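Visitor: Each chain is listed here by its residues.
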Amino acid sequence: MKKKLWVCAWLLLSLGAASAQQERFRKSPPIPDPLPQLELPAVESTSLMNGLTLAVVSRPDQPFISLELIIMAGESRSPQNLPGLASFTAEMLSRGTPLVSATELEDRIDAVGGDFGTTITPDFCRFSLRFLDGYLEQALETLSLMLLQSNFSDREIVALKRTQFYDLKQKQRDPEFVGRRQLLRLLFKGHPYGRSFFNEDVFKSITRKDVQAFYDAYYRPNNALIVLAGNLDMAVAMKRVSHFLNTWPRREVEPPVLTVPAPNAEERYCLVDLPRAQAATLVIGNVILPQVESDRFPLAVLNQIIGGTPFSRLFMNLREAKAYAYSAFSRLEFFRSCGFYELSAAVIPSAASSSVREIMGELERINRNKVSNFELEQAKSYLIGHFPLQVGHLDQLSRRLSEILAFSLGDAEWARFNDNISLVDADRIFEAAQRYFLLKPVVVIVGDKNTLLEYLRDIDRLEVYDLKGVLLYTRIKGVEG
Amino acid sequence: MPKRRAGVCLSIFFLGGVVVSAAQSESGLNFSWSRYTLRNGLEVVLSEDNTLPLVTVVLAYQAGSIREEAGKTGLALLLENMMFMGSLNVGPMQHIGYVNRVGGEPNAATKEDIAYYYQTVPANHLALALWLESDRMKALEIDAAKAERAKQFLLDEIVQRKAAEPYQESLQEFDRLLYPDFAHGHAVLGREEDILRLGVEDVREFYETYYVPNNAALVIVGDFDTAAAKELVEKYFASIAPGKQVPVFLPPRPPEKKPVVASFKDALVPAPGFHMGYRVAPPFSRDHYALAVIDYLLFKGKSARLQRKLVRREGLALYVTGGLEKRKDVGVMKIFAMNNNETMVEMCQKSIVSEINKLRMNDVSSADLARAKSLFRRDFVLRFASPIDRAMSLAEMVFSLPGLDVLPDLLPKYMRISPYEIRMAANRYLIPESSVILNVTLK
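Chain order of the listed sequences is A and B. For reference, each letter of the first sequence is one residue, going 1 to 481 in our numbering. For reference, each letter of the second sequence is one residue, going 1 to 443 in our numbering.
Source of the hints: derived by calculation from the structure; they are not laboratory data. Warning: the hint list may mix true and false statements.
Unchecked claim - With a Cα cut of at most 35 Å, we get these calculated DSBU-like pairs of lysine-lysine:
#1 B:K326 - A:K209
#2 A:K169 - B:K326
#3 A:K322 - B:K162
Note that the structure is a prediction, hence the values are computed from the model and not measured.
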């Protein structure tokens, strides 16, 4: 009996100890299964008689169809004295035809469960139309009305000027938008790409004649492409698109002449006054010279290491180690003739100057030392694992494909993307950093100048701009007043 | 498009759970799911989608701001920050690090009724996501230093939001007037003075009360094998002890039926404006479906009536927005407009009332109704279009009043709404006695 009691007590004690201890599997992360094969949907493409490129991705599981139309004429095609014309023309497309008013066009889009939007880049204008499966016919009919019969009425031009003015004013509340616009204005000053970064005043001088002229010159099927993704195949797409767009007349379009802008080569610090801004927003960058295709992949890994995620160098330094920043990231953007890199952070105003130094330090570090194997593998693992997330939505899929086609990037950025990232090593990143991540970037700081000027007093030469990008004055250290 | 059988095709019990396979054409859902409950009370929902090699894991807790007591606002959001500051086996910020390193995207969102923690990862890392979520459910590390840091993040966010969203403060005041009680009417963001007073014990108590398996739902959507996923769920979550009985949340008493008009001075807003609202039927009640269609008629899409009338046709508002909003068991319809001056404010309000009166007096045309339903259908289907959207929506439905099982029947209910039902709902709820107006003035 005594022995039984002893055994019971021992059992109870053991159970108690076991429950207090955690299970072994909780102590470390599980070992992953092998990486699954990524099978991207096949892309079929063809050209219609009038030169329009049509690409189709069949996704029968999707309840939507996503359509992307690209016109290969972005803001760099706006005349030098009319920046903003490409954007304005694109927006005018949905503003009515001689027989169908703007309101009726909107009704038609809503009736198919549609979403319609425009995006303008320096190189192209993109029209995105997503609608419920089953409405292909109606959606294409509406698109063809907009594309082929827009009448650019004076009444709608006046209305759009008001809307565009107000929208841009609203966007200027966002310090990141203001900072990036200022950076790109300075980097692309005098270059056709510089016309993309305008303020709200540009719309005043645009006339109906300007819009019509821009449309006539560039809105041509042989200067356009359409991507359709969803529950359809090439045969159906070809038949329906031809039906609605075969009367779109072809006309030769002069290819763009785009020189490569000279990168910034001397120290340049700019403050843009955004009254009442609570944080200091830093946007630092420079032009990336044209690359060979294979260099895009080491650049992507490099960007990842510097500031692609919260575990990249910028975030870990500025937010986690120094507690200066709310956020800190980097990005790359490529245009047809070149690109730019951008390191940005939203920081507490008192740490603005220190944060700029830290960011410049990170830029130098990536140019001076090869990245560690750990960082390299971590960044590659992120990019490879993240790729399917970037095409998870039907819209994302069709948008990415439309850009690949617009820039003729080919399979390297699609089916072979993961293989290309896998091949990147520390040497290639080092070479890419030295070749493309040029030191001496332009530094733009956005914030309330009444607060920030004091914190930026150690900067030798500071250009101070207003929100419209007008230079107010330049402050030279030691020359006050 | 192939025709499929409408409604629920199959509903069988297995292993104590339910499998639902919904046909797409009527339900708008082209996927199935299975649901079961672990012994500790954790609700589990699994939905396979093999389109891409990804998997989304959502862990949702009924731990939104409506669970906060007066004087302790901001606690729910503060805890969201702390959930990334480390647990027994996962260091501070490591949750994000583990997910990012494999290419995944982690995030969290705290709403009035639910706090969501979610990540999408490559499909071979499902176990990683479950390991991470189970660790912070089982053993979050809460200490004073972390609580102070989380408080600072929250206070910074309040400052930033105030600067970025000029009508934020008046909106908070409006919510206090429109919602029937403190629990529903206070902001998720919390009040600065309350946040400053919060102590580590408050955080611990909130965590121990609400972050327990018997108050949570785990939803997994993506490329996985259901049997293998069940094993993993069992491994990581079954041994987590349930918490005490979660306090019952009682629906509030309906407020007295009388119009409320108030004003709010805010020198920092760019233009005068107003918030206008109606206390309407609770979510998923009989009239809710008609009110949802009214929401689309008035506010959604390019053809939205108020946008066209107030901004484009009459020029009375610079901007107008609104919609049906629900906070757990309470429904409201909200409108916000920004105007050029205070005369326009008054005219704009009259114009809104006249538009609403049209809904009360006349049947909507079949073209308008069809358009509103198409837009509704679009947004409904979008809520399930990707693994992350689907997982979040399934989690929300688990905690909804009618529960997840009614999901296949939902879209048809909205699609069947008739002009008569719209007129009746407008007459029952969009009336002066249910209205609240808060005028925002510059001085």
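Visitor: All hints, please: hold or fail.
Guide: Here is how each hint holds up against the structure:
1. Between the alpha carbons of B:K326 and A:K209 the distance comes to roughly 49 Å, so the proposed pair goes past 35 Å and is violated.
2. At roughly 32 Å between alpha-carbon atoms, A:K169 and B:K326 fall within 35 Å of each other, so this suggested pair holds.
3. With a C-alpha separation of about 25 Å, the suggested pairing of A:K322 with B:K162 holds against the 35 Å cut-off.
The structure shown violates just one earlier hint, number 1.
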